[in-house]
Amino acid sequence: MKLSRLALALAVVAGLGAALAEDYEEAVDFTLLDVNGDKYTLSEMLKRGPVYLECWDLPCVNCIAELDALVPIFEELEPYGLQIIALSVDKPADEAKVRAFVAGKQWPYVCLLDQQQEVKGDYGIIIKPTAYLINTDGEIVYTHIGYKKGDEERIKEEFLRWLPDEPIAAPEGEAAPPAEPEEPEGE
Amino acid sequence: MTRRLTVVVLLAAAAVAGAAQLNINGVNRAETWVCFDSVYSTLVEDKLDLNLRYGDLKGQVGFFLFEPSKPWDDVRKPMRLLDYSVAYSPDQLEVLYGRFYQDFGKGLVLRAYKDDDFRHYKSLFGLRGTARLPLGTEVVALSARLRDLFFQENVYKLMNLSDSSDQAMGANLSSRPLRWLGFGGRYVRINRDLDPAPKAFTELFGGDLTTSFGPVELYGEVARRLGTGPGLGGRSTGFGYYANATLAYSGFSVLGQVMDYDSIGFPTGLYHWNDPPTPIKSGVAMNRGVDERGFGFVATATPLSALYLEADYGRLVTHDDTSAGVVEWEGKARYDLEPSWTFEAYFNHLVQNNVELGTYRRAVDKPVVHVNHLVGQHTFAFEGEYAYVDERSTHGDSWDYHEAAAALSYGYGAGLLFTLGYQYVDVVLDKRYNGETSWPIVEAVWSVTERNMLRVRLGAERGGYTCSGGVCRFEAPFKGIKVQLISRI
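As they're listed, the protein sequences go chains A and B. Using numbering that gives the first Met the number 0, you'd call the opening residue of the first sequence number 0 and step up by one each time. Using numbering that gives the first Met the number 0, you'd call the opening residue of the second sequence number 0 and step up by one each time.
Just so you know, the hints here were simulated from the structure itself, not pulled from any lab data. Don't be surprised by glycine CBs; every beta carbon is placed ideally from N, CA and C. Warning: the hint list may mix true and false statements.
Far from chain B by the CB rule (all over 12 Å, computed), these chain A residues [stated by the list, open to error]:
#, residue
1, ILE72
2, PHE73
3, GLU75
4, PRO78
5, GLU117
6, LYS119
7, LYS155
8, TRP161
9, PRO163
10, ASP164
11, ILE167
The calculated PhoX-like cross-link candidates involving lysine-lysine, where the alpha carbons are at most 25 Å apart (straight line), are [to be verified]:
#, chain 1, residue 1, chain 2, residue 2
12, B, LYS69, B, LYS156
13, B, LYS156, B, LYS478
14, B, LYS57, A, LYS119
15, B, LYS113, A, LYS38
16, B, LYS280, A, LYS119
Make a model of the complete structure from these sequences and hints.
Here is the structure:
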């Protein structure tokens, strides 16, 4: 009887220890389709480098301004493994509008559709824009809420903290490949 | 022996617990209203959503509490709902039991969704299996009951209270094997208590096709309904389609939509299992999915990096009654003047014929301007709105009136926002605004921490007829204080 109680205590301690051992909150993994119908999984993307996950929708002017402002920073840091997910939480009825808007913007990011707002709920996103920087260990290491001009410099500092000093390996000295969907589709 | 087995199981659990990690997060929305009426009626609402993940196991727990005081409704109807779901979800598969949301295609056959901003929670409860297959293919099969929770006139209601035991079984296939080609097929069978015989069920089925070449993408979806008339029996059918075309270049895009829904919205009445798209920007629908056809265009352009232009047009009519319909168009321009100014202006024209109960025609012309100025950590914003309204009732009465609204905001960083607002109408309208003509309001939003946001609203709100995604409601006027605390867990 004492042995089973000891085992129970061990189980509880191990569980609590596992839950409390991390300094950072663990990012919830998800799989979503992008505006082109390609499938992306967060854990797969993290194998390449850190991910900046930003929640946006069409009426959110500040979200769009932030995503616009991050374009040159992304282009500069993409060879170092940075990836940005523009997570649209627009309704399914607006999918075509989102697709047209994203194509018009020519954002170089992965633009995912969270039409049921499950990822938004999993991450407890209250205000738009809200963005999370997730390191390659799958931990949320930085949260950015709201956006005003100039914030991108602060965000860039965080990117640099979590990126390697050298560009990540690329075949034959070429620039590192951008994030690819899990199943490259035929043409 | 049993004791040893217990020890082994617990030690194994300890080992597993040490290896995997329990992840819990979620959101709590707590809100209270105090109305400055003769009895200071109150409303308390709390909505807690928790997500739990442990390896391949996922769980959700939702608690909803709604406590109005009596004057909000004839009969006080508090509400306490406990929702949950448990799912086993390895990479290629998910089996879920409990409450969930699910769309099939664009919603012509099945749509269960939540709209937090509109306080509309149309969910399913039951069993759902999802298989994620190669070639961009996904298959979903479900058996579930519906619950349509909707906030209207300051009270939450179950819109399908008398039909909450109805059951649906269905499956959806969606596939995009090639980048330029995608397709889907779906089927839903609905059994209702109203059905006169076991054979008298309703079927909704359909399919879709997507193709793209270069900057053009085309999408088309059809749906068919086969069933029996409620209660009496007899054959009842419906058909609908939705199609859109997108042309998108760098800095320029055009979207065209066309739809025709003839008796696919099911059941007719206060709620539907399916909710097809509407082309109207403000979300107005005619006779949702039951008797409406229309089209719409959206064009966007960014001719300069600082200039964004958008034009929308949407039109909906019914099949036989040419006096009923909605037309809306809007032109919008936004300009960023570096380094710290943003100007936005738009003009909206909306005509509704025989949409609101008792209103034969309502035409609104509304220009709006929005200016935003940033100085260091300080943000200043102004929003001004004017509307000319021409309204006629079904009894021949008519009103011409002007509505105006202005709001001044000051924000400090991302943590504080203060707003002073004022709404005004120049005619006393008992029908629409309870005879009130002005509505001042002050609001403060404080991000207490990264995880907690407090919003306090004091003053009056005009209310009125508002829509979102084709679902409309009448918002009652309000005078009092609202306090809301949103916490990320």
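We went through each hint and held it up to the structure:
1. Non-interface status of ILE72/A relative to chain B is upheld: no Cβ of that chain comes within 12 Å, the nearest being about 16 Å off.
2. Listed as outside the interface, PHE73/A is consistent with that label: its C-beta sits roughly 16 Å from the nearest C-beta of chain B, beyond the 12 Å cut-off.
3. Look at GLU75/A: its CB is around 18 Å from the nearest CB on chain B, clear of 12 Å, so calling it non-interface holds up.
4. Listed as outside the interface, PRO78/A is consistent with that label: its C-beta sits roughly 23 Å from the nearest C-beta of chain B, beyond the 12 Å cut-off.
5. Distance check for GLU117/A against chain B: the nearest CB is about 8 Å away, which does not clear 12 Å, and the non-interface claim fails.
6. For LYS119/A, the condition that its CB be more than 12 Å from all CB atoms of chain B is violated, with the nearest at approximately 9 Å.
7. No Cβ of chain B approaches the Cβ of LYS155/A within 12 Å, the least distance being about 17 Å, so the stated non-interface status holds.
8. Against chain B, the non-interface label of TRP161/A holds: every CB pair exceeds 12 Å, the least being about 18 Å.
9. For PRO163/A, the non-interface assignment is confirmed: its Cβ lies about 26 Å from the closest Cβ of chain B, beyond the 12 Å cut-off.
10. Remark: the non-interface label on ASP164/A is consistent with the geometry, its nearest Cβ contact in chain B lying 29 Å away (cut-off 12 Å).
11. Once the 12 Å rule is applied to beta carbons, ILE167/A is consistent with being away from chain B; the minimum gap is 25 Å.
12. Between the alpha carbons of LYS69/B and LYS156/B the distance comes to roughly 15 Å, so the proposed pair stays at or under 25 Å and holds.
13. Distance hint between LYS156/B and LYS478/B is fulfilled; the C-alpha atoms sit about 22 Å from each other, no more than 25 Å.
14. A C-alpha spacing of about 16 Å is found between LYS57/B and LYS119/A, which places the hinted pair at or below 25 Å, so the restraint holds.
15. With a C-alpha separation of about 23 Å, the suggested pair LYS113/B and LYS38/A falls inside the 25 Å cut-off, and the hint holds.
16. This hinted pair checks out: LYS280/B and LYS119/A have alpha carbons roughly 23 Å apart, not beyond 25 Å.
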